[in-house]
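S.K.: These protein sequence lines are chains P and S, in that order.
With our numbering applied, the first sequence covers 1 to 233.
With our numbering applied, the second sequence covers 1 to 533.
Keep in mind that the hints were calculated from the coordinates and are not lab data.
Heads up, a few of these hints could be off.
Only pairs whose alpha carbons sit at most 25 Å apart, straight line, appear in this in silico DMTMM-like list of lysine to aspartate or glutamate [what the hints assert, rightly or not]: (1) P:94 with S:528; (2) S:20 with P:11; (3) P:83 with S:155; (4) S:12 with P:11; (5) P:28 with S:155; (6) S:12 with P:130; (7) P:226 with S:155; (8) S:12 with P:128; (9) P:94 with P:26; (10) P:68 with S:528; (11) S:131 with S:105.
These numbers were taken from a predicted model, which means no experiment stands behind them.
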Amino acid sequence: MSNQEQDTVLEARGLSKSFSIVGAADLKVLNEVNLTLKESSSLSIRGDSGCGKTTLLNVIARLEPADKGTLFWGDRKIDAVSKPLATEASWRAKHIGVVYQSYYLIPELTVLENVLMSVRLSGLPITEYELRARELLEQMGVGNKSMQIPSKLSGGERQRVAIARALVNRPQVILADEPTGNLDERTGAEVMNLLLSSCTKEKTSLILVTHNPSFAQATDKTTSLKDGTLIYE
Amino acid sequence: MKSAWPLFLAWKQLFPSQRKVSFFSLLAIVGVALGVNVMIVVVAFMQGFQQKFRSDIIDAQGHARAVPLQRQLEWREDSQKIASQPEVEKVSAYMQGHLLLQNRDYHAVPFSMGIDPGQSDGVLPLNQFLKKGFIPVQGYDSKDVTPIPTTDSLEDDVVFITQQVANRLGVRAATVLLLDDQNFSINKGRLVVERLDPYVESDEWTIEFLSGDQYNLRNSLGSIDLNGSLEQIASDLGWGYPKFKLVEGITPLSKGDRFRFQTFRSSILEIYSPTMIEQAKSDEMAPPREVRVGGIFEVPWQGFHTDALIGTSRFMADMRGEENACDGFFIKFKTDYLHDENKLGELCARLEGYLEGNWRIIPWFVENAWFFDLLKFEEYLMVLIMIPIGLVAAFAIAIALMTTVLRKTREIGLLVAMGGTRFAVGMIFCMQGFIIGSLGALLGCGLALTFIRYRDVLMSFIVTRIAGEDGQAGVTQFYDFYSLEVPYPWESEQSMMTFLTFIVFAVGVSTIAGLLPAWRAARMNPAEALRSE
């Protein structure tokens, strides 16, 4: 393996995915998509609504199978067509962080408990990661909200907590699906800056799905998904 | 602790951070607790009733009854043989049959039993039965001060009858009322009637304090008019007269203080035996036997004959016209055999062998097997009826958890995206059922223990509200819950088993109730769950 290959944390080869629609032809959302993500790098994906950006992230995260293609999670080769396995869930918990547009914080838990959920799911010791969780919350500017419940936070604060949750157990890759979609422009910019700077600081690779061209420009590589094909810009 | 996160999340969904308890959790836990409480309390009370009936039966007929397989002329030797066994505490012979009782135009044919009053108290607590059957006369300006009759007054021409027989025939035992007592100082000493035998005639008795230690005792018939010291006049005048006794008070009696008593003689019954009736059919003279009612008794065991008469063995022998007859023995064993039915059964079988097969020894639980089978059946039926209560709680839990699954669809998707397996996600809901069941069962046990602890107060409250003060006496006549012994789980293995059974039932059913929502959550497609609105 070359040095270049060693740096690859995620690679997708020939991913295809289509959805059946009753009374109509199948909707092909991914068509032979190839994607490579290097260590500590970032990549943005833009595209129209419904073009398949979220589906691509789901297939990469192995939340749903592809119709065709292969995935490489580091050295691990995965048949993207196969049904997701329980062992993959375990790997995902340790190596992939997720950030969604709707935050998806668990309303019954405090902010700190929400952040530590990633640690619990990874099977890592809570006591060792609690300090890191608090530090991340401080970095995100919500350190003083750690004992609050999510319903007491603003949208921007919730997304900061979601980013802290994605980063806490030091994943190799963060998949961020329109993380600023529900935020106003100013808050969105702040959150995006935090996400990018944190990924850089934590040496975590990032795949960012966004509609915002300026956020996309801030990543190392920018792509757009059109007619199921990923076009590098 | 990778496997612990579903438990953590299950707990947090039931008891969220920054809140004491969720409304759903509270309702679900209380629902299970009430179900468990009701089931335990009902079964514990049923077992308490069974225990009480056991002791009532043993009181009413001893631990076993020996019945001759054919007429036994040497029954006294056999009685001694039984009594000589180290396990045997007391043996009482009895005769039985049916007699026709008549008072004016009223008739009754009670189950009649002849016993030796000297021996009976060891096996049958007849004095207790007489105490239980005693009903004082209620008077406006008088007070019933009749001493409760005892077996001391059971003679060959005296019988004891049950309340039902007494009511049917309109008869009662000798009675004495204290008259003009309402204005008398409670601090003064008073005269009480110590004994009132069945031969006392209807009369009015006056005892008047004269002075010093002098009293006057007189009756309205004029047969008694005595002056003298208290010791002299209060002394026993003999059979047929009431025996008075002074109870000292704080304030001494003053001149002119007097006590008036009205005595009523006991009713006289005419009794015919089947032999007499046969004689009458043959135009032979068969005058009835006249006996006095010495007391009214009540046997706590409801299975005992409600129409019953108890007289002496000689009385029964006379009525039957048989000499040296014995229809069986009541046997009481030592306390070791009180609770172990197997041991008692073996002992009875051994005694049968010892008596060379001439007697059949029937232990109490065999003789009353029908009754306990019925009680057991009732217990099972109650449990069967109550199981749906638990199932209703389980359905409520299942529906609530299913709603939670639907409400948390996107969270379920997120948990899978964050690395949770579908099985673990399903476990969150299964564990919620388990937690609800466990906490509900614990709370239910606590409630049941409280109910058992304060059962008298609670039952009295409930029965009084339903049946009223007067009705309570009627209820307790059949279900004397005040004397129920309902053991705590640490006191009895049976009680412990009841508690454990319903704990396991509640936890099991609640956990199973969580399975359907868990399965629903586990089979959810995470990508679709995340897309859901």
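S.K.: Starting from residue 28 of chain P, check that the Cα of residue 155 of chain S is at most 25 Å away, please.
M.R.: With a Cα-Cα distance of about 110 Å, the restraint between residue 28 of chain P and residue 155 of chain S is violated, given a limit of 25 Å.
S.K.: Can you confirm whether the C-alpha distance between residue 20 of chain S and residue 11 of chain P stays at or below 25 Å?
M.R.: Distance of about 47 Å is beyond 25 Å: violated.
S.K.: Holds or violated: are the alpha carbons of residue 68 of chain P and residue 528 of chain S at most 25 Å from each other?
M.R.: 19 Å, holds
S.K.: Under the criterion that the straight-line Cα-Cα distance not exceed 25 Å, is the pair residue 94 of chain P, residue 26 of chain P satisfied?
M.R.: At roughly 35 Å apart (the allowed maximum being 25 Å), residue 26 of chain P and residue 94 of chain P break the hint.
S.K.: Quick one, are residue 226 of chain P and residue 155 of chain S close enough, alpha carbons at most 25 Å?
M.R.: The given pair, whose Cα atoms are some 117 Å apart, is violated under the 25 Å limit.
S.K.: Quick one, are residue 12 of chain S and residue 128 of chain P close enough, alpha carbons at most 25 Å?
M.R.: 21 Å, holds
S.K.: Check the hint pairing residue 12 of chain S with residue 11 of chain P against an upper bound of 25 Å on the C-alpha distance.
M.R.: 38 Å, violated
S.K.: Does residue 105 of chain S sit within 25 Å of residue 131 of chain S, going by the straight-line distance between their CA atoms?
M.R.: 29 Å, violated
S.K.: Check whether the Cα positions of residue 94 of chain P and residue 528 of chain S lie no farther apart than 25 Å.
M.R.: Measuring from Cα to Cα gives roughly 23 Å; hence the hint holds.
S.K.: Below or equal to 25 Å on CA atoms is what counts here, so check residue 83 of chain P against residue 155 of chain S.
M.R.: Roughly 97 Å between the alpha carbons, so the hint for residue 83 of chain P and residue 155 of chain S is violated.
S.K.: Hint check: residue 12 of chain S vs residue 130 of chain P, CA-CA at most 25 Å. Holds or violated?
M.R.: 18 Å, holds
Violated hints, listed in ascending order, are 2, 3, 4, 5, 7, 9 and 11; each of the other numbered hints is respected by the structure.
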